[in-house]
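Enquirer: Residue numbers (our numbering), protein chains in the order written: chain A, -13 to 160; chain B, -13 to 160.
If you are wondering where the hints come from, they were derived from the structure by calculation, not from laboratory data.
Keep in mind it's a predicted model, so treat the numbers as computed, not measured.
Heads up, a few of these hints could be off.
Pairs count within a copy or across copies, as identical chains cannot be separated in the list.
[To be verified] As a list, the in silico DSS-like pairs of lysine-lysine whose alpha-carbon atoms are at most 30 Å apart:
| # | residue 1 | residue 2 |
| --- | --- | --- |
| 1 | Lys46 | Lys59 |
| 2 | Lys51 | Lys138 |
| 3 | Lys98 | Lys66 |
| 4 | Lys145 | Lys82 |
| 5 | Lys55 | Lys138 |
There are 2 protein chains.
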Amino acid sequence: MNIKILRYGHRLIRDKRITTHCSLVARTFGADEIIIYGDEDEKLKENIEDVEDKWGGSFKLSFGKNWRKDCKKLAKEGYKIVHLTMYGLPVDEAAKEIRKHKKIAVFIGSQKVPPEVYSLADYNVAVANQPHSEVSSLAILLDRIFQGKELKKSFKGGKISLAPSAEGKNILRN
Amino acid sequence: MNIKILRYGHRLIRDKRITTHCSLVARTFGADEIIIYGDEDEKLKENIEDVEDKWGGSFKLSFGKNWRKDCKKLAKEGYKIVHLTMYGLPVDEAAKEIRKHKKIAVFIGSQKVPPEVYSLADYNVAVANQPHSEVSSLAILLDRIFQGKELKKSFKGGKISLAPSAEGKNILRN
Chain A
-13 MNIKILRYGH RLIRDKRITT HCSLVARTFG ADEIIIYGDE DEKLKENIED VEDKWGGSFK
47 LSFGKNWRKD CKKLAKEGYK IVHLTMYGLP VDEAAKEIRK HKKIAVFIGS QKVPPEVYSL
107 ADYNVAVANQ PHSEVSSLAI LLDRIFQGKE LKKSFKGGKI SLAPSAEGKN ILRN
Chain B
-13 MNIKILRYGH RLIRDKRITT HCSLVARTFG ADEIIIYGDE DEKLKENIED VEDKWGGSFK
47 LSFGKNWRKD CKKLAKEGYK IVHLTMYGLP VDEAAKEIRK HKKIAVFIGS QKVPPEVYSL
107 ADYNVAVANQ PHSEVSSLAI LLDRIFQGKE LKKSFKGGKI SLAPSAEGKN ILRN
C-alpha cells in the first residue's frame, strides 16, 4: 500500500506547528509521503528530515505547486482521493472500503478547503461529525486503515529507537 | 467514567493552536474536562466555550495553578494518572487496564515535562514509541479507552449538528 498525504493551505507562521504535527503523524502512522501546498517552508522540511535521520524510516516531505493538477494526476495513476472533513461519512464504515485500495491520497485542509474538493474526492470521511483537529483525524484514519498495526511499525536506519518503559526512558542507540 | 485532561506548560502564542486542538480532541473524544497549566489564555477559553455553545455538550476548560498539588489531590480522590509519553508502554496493552478505572486524569505535555511526572503517574503510556503529537496521542488513547464508541457520541444542547454526508455538507439546525 502507498499512502500520500496532501496538506492544503499551509501558512508559514500560523500553521508551522500543526503542519509539523500532521507530518509526524503521517510518518509514524504509516504514510509514505506528505506533499504540502501553500507557503514553502524550508525549516519545516529540515525538521522532518532531522526526525527521519534520528529515528529512521523513509518518509518524504515535499512542497507541491498545484493541488488540482496533482489530484488529477494521482487519480490517473490509480490513487483514490480521501478527503478528511467533519461533514463526511463515518470513518469506521469508510475505512473498510478504503483499505482495499493499494494507492491512497489523503487530502487534509488547514484553511477552509474549496467546495470542489468534496466532489473531486472518492471518499469524504469524518472522524466524528464534530470539530477537532486534522492531526487527530489523520491519526484515526490511518489507524483504521492499518487496523492498529501501524503502532507496532519499525523504522530502519535511525540513530536511536525506544524500548517501551513503565517508568522513565529506555533509549537504544542503534 | 470521568476523564480529566491535564495540559502542562501552555505558552500563550507558541501553544495557542495545539492546546486548542488538544481541547477539541478531549471534548469530541469523550473527556469531561481539560485543565491547563501555564499561561492563562482567555481567548482559548472563549474559543472552546463558543464551540460548546454551537455544538453542544458539557465539556469544561479551566486554568490550574499548581499541577503537582492537583495531581496529588486527584490521586486522593481516586483518579488514576495516565501520562502520555513516547517512552511509555504500548497503548493497546495499557488501555485494557486503564479502562477498568472510573476516574482517569491524563497528563499531556507541551513543553518537556519534569522527570517526576514519570514516577507520579500510575501509567506511562506510549502511542507508538516514535515522535508525533500530543493531539494524536490523546485521540488514540481516548479511542482505545472507549473502544471506538466515542466517535458515535451525541452532544446535547448545541445550536447545530451534522448528519454524515457522502458529498457536501448536511447541517442540521437544532
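Enquirer: It remains to establish, for every hint, whether it holds in the given structure.
Expert: Hint-by-hint comparison with the structure:
1. For the homomeric pair Lys46 and Lys59, the shortest alpha-carbon distance inside one copy (19 Å) is at most 30 Å, but the shortest distance between copies (45 Å) is not.
2. Proximity of Lys51 and Lys138 under a CA criterion of 30 Å is satisfied in neither setting, with 34 Å inside one chain copy and 37 Å between copies.
3. When the C-alpha separation of Lys98 and Lys66 is checked against a cutoff of 30 Å, the pair qualifies only within one copy, where the shortest distance is 21 Å, while the shortest distance between copies is 39 Å.
4. Taking CA atoms no more than 30 Å apart as the test, Lys145 paired with Lys82 passes in neither setting, with 36 Å inside one copy and 32 Å between copies.
5. In this assembly of identical chains, the alpha carbons of Lys55 and Lys138 never lie at most 30 Å apart, being 35 Å within a copy and 36 Å across copies at closest.
Checked against the numbered hints given earlier, the structure breaks hints 2, 4, 5 and satisfies all the rest.
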